[in-house]
Every structure is written in C-alpha cells, then in structure tokens.
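Take the given structure of chain P and dock chain Y to it, following the hints.
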Amino acid sequence: MSTDKKTSEPLFSKKNKQLITDPLTDNNPVTIQVLGICSALAITVQVSQAIVMSLSVLFVIIMGNLIVSLLRNLIPSRIRIIVQLLVVASLVIIVDQVLAAFQPDLSAKLSVFVGLIITNCIIMGRLEAFAMANKPWPSILDGLGNGLGYGAILILVAVFRELFGSGTLMGYPIFGNSLPGEESGLYAMGYQNNNLMILPPMALIITGIIIWVQRSRNKALIEEH
Amino acid sequence: MEPHFIKGGKYEKWNPLFETLATFAFTPKLVTTKGTHIRDGVDLKRTMFTVVIALIPCLIFGIYNTGHWEMAVAEGNRDIPYFAEMGAKFLMGLTIVLPVVVVSYGVGLTIEFIFGMLRGHSLHEGFLVSGMLIPLTMPADVPLWMVGLATAFAVIIGKEIFGGTGMNVVNIALTARAFLFFAYPTSMSGDKVWMSGLGEKMNTNAADLDGFSGATALGDLASFMSDKATVAGEAVQSNMAVQNFSNEYGAWESFMGMIPGSIGETSTMACLIGGLLLVITGVGSLRIILSFFAGGFIMGLLLNAIGGNPYLDLPAFYHLIIGGFAFGAVFMATDPVTASQTATGKIIYGFFGGFLAIMIRVLNPAYPEGVFLAILFMNVMAPIIDHYIIQANINRRLKRLKTA
Chain P
1 MSTDKKTSEP LFSKKNKQLI TDPLTDNNPV TIQVLGICSA LAITVQVSQA IVMSLSVLFV
61 IIMGNLIVSL LRNLIPSRIR IIVQLLVVAS LVIIVDQVLA AFQPDLSAKL SVFVGLIITN
121 CIIMGRLEAF AMANKPWPSI LDGLGNGLGY GAILILVAVF RELFGSGTLM GYPIFGNSLP
181 GEESGLYAMG YQNNNLMILP PMALIITGII IWVQRSRNKA LIEEH
Chain Y
1 MEPHFIKGGK YEKWNPLFET LATFAFTPKL VTTKGTHIRD GVDLKRTMFT VVIALIPCLI
61 FGIYNTGHWE MAVAEGNRDI PYFAEMGAKF LMGLTIVLPV VVVSYGVGLT IEFIFGMLRG
121 HSLHEGFLVS GMLIPLTMPA DVPLWMVGLA TAFAVIIGKE IFGGTGMNVV NIALTARAFL
181 FFAYPTSMSG DKVWMSGLGE KMNTNAADLD GFSGATALGD LASFMSDKAT VAGEAVQSNM
241 AVQNFSNEYG AWESFMGMIP GSIGETSTMA CLIGGLLLVI TGVGSLRIIL SFFAGGFIMG
301 LLLNAIGGNP YLDLPAFYHL IIGGFAFGAV FMATDPVTAS QTATGKIIYG FFGGFLAIMI
361 RVLNPAYPEG VFLAILFMNV MAPIIDHYII QANINRRLKR LKTA
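From first to last, the protein sequence lines stand for chains P and Y. Counting from 1, one number per residue, gives the positions in the first sequence under our numbering. Counting from 1, one number per residue, gives the positions in the second sequence under our numbering.
With the rest of the complex left out, here is chain P:
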C-alpha cells in the first residue's frame, strides 16, 4: 500500500500549511463561502462575545474534525450525517457547560448561540467535505484553519461594531465617557454612538464591505456571470 509513503510526509508540508492559510485568506468560510453568517450577525456586538464564540467554534471544529476523521472508515455512509451531528452536539454541550460553569455572564449573553453552533454550516461542511475523506492530522489542520478564518472575520466585525456602536473595546471606553451630563473626550465635542452599529443589519453591511475589499484586492475571487 502507498500509505507508507504518505506517513513520511512532513507534519507541516506545503500542502498541510495551505490547509491552515487558505481559509484565512482566499477561501475564507465567511467571506468567500458565505457560511456561518447567522452567528456572525448575532454575536458581534461586543468583541468579548465574538472572541468566546470564535474559541468555542474553534474547539468544536478541531475536535469534530479529529473524531470524525478517526471514525471515517467505521461510519456507514447512509447515516453519516447523523453520526456527525452526534459528534458535534456532544462537543457543543461540553463547550456550553464549561462556559456556564466558568463564564456565567458571557454564557448568558451568548444564550442560544452557543447551542446553535451545532447547526453552524461551516462545521458540518468541514466534517462532510474534509474529515470524512482525510486522515486525522490534515483534518485537525483543516479545522484549525477554518476555525481561525471564521474567528478572524467575527472579531474584525465585532471590533467595528463595538467601537462605533458602544464606543468601547472589550468593555473599555475608547472615546471617553458617554454618560449624559458628564461627557468627556470625543463625546464632549458632540460625538454620539452609532445605534445602527448595534442593530444586526450593520453586521451584514460590515461583512459585505470586508468581502468588497477582499475581492477588489484579489480579482480572481470575483465570479463570472
């Protein structure tokens, strides 16, 4: 069998490196494949939420990819979606419980969205498209790449939304005190927080702008009509 040859492949061969770098740039799950948008709209109001969400997804996608990849030869193809779902669901429950135990505030803020990681299209997509057909190590790298790609966009959107919507970053005021009557910094000069940033449509618009910038930098990404 040719497997002997493949095991001699170095851990970070060029191909394996691409598994991580591609989803970060030219094959980003959010901006290019347009997956996982729902959570990107819902929890990007604050950077801290976005970071926790990204870490949760990162954990679930890496572990899910690893487990499914290990099981890939044992799963009957007819019920593979159910098995994948079971794996993801168990992992999400772990994340949910850990969050509830150690970060009860954040857990309450994220509410159903942690549970909804189960239905995150990126995770199911990677399990089905990659882990079912690849060995554990590349699967882990693929999960890492896609999880980071998702998290990068999430945090980028959240930075804009929190900065202009609430005037803070990670909860720390950036533009000064906005309380009526005791304004300081920019607020004293008449600046106001942009309420639209807090509303979900703005997340969509910011994501759209990121996609726009990305596509004008790399014309190859523009589909032909």
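Accuracy of the hints is not assured; some may be wrong.
Sample of chain Y residues facing chain P (criterion: CB under 10 Å; computed from the structure) [unchecked claim]: (1) W145; (2) M146; (3) L149; (4) I161; (5) A178; (6) F179; (7) L180; (8) F181; (9) A183; (10) P185; (11) S187; (12) F255.
No lab work stands behind these hints, which were simulated from the structure alone. Note that this is a predicted model, so its numbers are computed, not measured. Don't be surprised by glycine CBs; every beta carbon is placed ideally from N, CA and C.
Relative to chain P, chain Y alone:
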C-alpha cells in the same frame, strides 16, 4: 484644451473631471448617428436639473420656516406672528440650512468624484438631486458631521456598490435619512431637534421656555394620546384630542407648512408646486404621485372607521398634509430609478407606498415618520411588481394568440 484630457493625453487621469465640467457647461458634441432616433436635448443632466429646480420652492420655504422657529425659540414664544420680520427670519434660516446643503453636496460629490476617477467615468449627475434632497429631510438642529456621515453612507452603500447612478435599488436620500434615524435617534426625532437652538436652550435656561413645545405635529399627536387623566370616556377623550390638535395645527397652516418639522418637508404647498413642474416636464410620474396620495387617504379613512384613539380618529386628509407625506410622494416615490417602470406597476407601487406610510405612522408610534420606511420598502418591492405586471401581459397576449 480637450486633447490634453482624452486618452493618451497629458492629463488623461483627470478626464472624468474635465468631461463633467465640459458637459455641464456645453451641449455635448456626441449625437446619435445611426438609425432612427428621437434627437432631443434631454439628457440626465437636464432631467436632474429639472428636479433641483422643482425643489427650490421647498428649499426657500424651508429656509424661511426654519428661521421662523429659530426666532420663536429665541424669543421664547411659540405664537409670534408668522409673516413678520421676513428678511431677518430668512437670513436666520439661511445660516442654518446653507451649511447643511454645502456639507451634503461637498461630501457626496467628493465621493462620487473619487469613484469616478477609480472607474474612469465622468461624474454622475444623479447626486445633483440627492444632494439637495438630503438636507431637506433633515431636522433643523442636525449636527453637520452627521449629515456628512449619512451622505457618505448613502452614496457608498446605497449607490456606488451597486454600480453608481441608475443602478441603486433604494432611494439614496432616503437611505441617508434612514441611516441617521436608526443610528442617532436622539438627534433625529423627539421634540427638541426640529427648531434650531431649542435643545441647547432647554438645557441652559429652561425657565424661559415655559410651556414651549418643540414637537412636530406628529409628535404632538402622540402626546395628546397619552393625556388620559382628565377625561372619563375614551371616545370623548379621543375626540377632544383631535379637537385640540386641529386647534394647534389648522389645516391651512399645515398645508402651507407653517409648522415645525424637517427643513423642507413641512410645506405641502411647496411640494405640490414642485410636483406640478415635475409632471409638466414629464420627469415625475403623475400616476405615482396621485396613487400615493390615494393610498394614504384610503388608509386614513380605514383607520377612521376603526377609531378609538386620537391617531386613528384624525381626519384622513390631515395625514396628507402633516409630516413628510407630500414631500415623499412628490420627490421620493417618483425617483425614476427606484420606482416601478410599468404603467400599472406605478399605480400599485404608489398606492401601497401611501397605504403603508400611513399604516406605519399611525399603528407604530415609535416611527411617526413612516413615509420614508414605506417608500424604502416599496423601492425593494418595485422590481417584483414589474415582473408580475410583465408576466401578466405576456400571458394575456399568449391567450389571445391561442384563441385566434
């Protein structure tokens, strides 16, 4: 001079600017050469300029009205005579309105120009109208940086990402208005922003303004609704509120626009003068304007039939003359790019626009100015309306073909 700017010339990069200025000042030499065509001087610039001229009555009246209310605030008396010290009021209004107009045009044209340079086409004329519409939908007290931000948002997100003039899905001026409405609600609604200087004065020496309300007609209506303490029966109370309201805002004052409100929207009279010009020159669609008013009126009648609170009981014709209804009907709904294109489609589009505008205004007091939301919604719906009108037409003809 031209050779320097055409392709290969010394200032090739600046061609967009040159072309813009040249065609603005002179008739272009370019004419249709082949085939049968109507040769007419009506181009985009002429069309857009007609709309700007049609907006002038609104602008002039808006400037005067703004000045009037600023003076009323300064004197702390809401009931100062309307047609006195006209010159002074006009100047006061001008100092408020002119900067808003300048900011709107400045920001918008700069962005248009940057995109024009990047994409290598001349400056599009579409912004001539948007740049005038945006200031007219603003409250008098709006901070200038907000006008600039909203204009930038509307031009980039509302228009340029779709490909520029003529490609936009929703009305640009309304995009700017909606952006500010949702982004900075405290500066765009409430009872302090409609008269210049009122908010500041309220904070510093409120005693001067005893019993002075800066609310718009719509805002006052909502507050009449909550005065329930004194009167027993709700129906009686509701009638009284309507009575109070029409004492405060006579039909004539509302029609003329002698009431507080956004800079250019208060005067139904001025809007109708502009509308007349649009219809005569064929720039605006009479179908849309009439069906828009009809839709609003019918919705008003329906709500009257339900009755029960002052908002619902307000005579239907009042809805047509307060708030931005007339302004929306004449200048916003008729935007040829975002409205329906088919004749029947225009009637449906206008009717539901007016219908929804009054529905949102009355049934959701949080959005007293439902007109812009209704028009934005119908903008999005317009292509679907057109699609079904055209399909129906095709089907009808197919049927005729089969039976014949």
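Evaluation of the provided hints:
no.	hint	result
1	W145	holds (7 Å)
2	M146	holds (8 Å)
3	L149	holds (8 Å)
4	I161	holds (7 Å)
5	A178	holds (9 Å)
6	F179	holds (6 Å)
7	L180	holds (9 Å)
8	F181	holds (9 Å)
9	A183	holds (4 Å)
10	P185	holds (6 Å)
11	S187	holds (7 Å)
12	F255	violated (34 Å)
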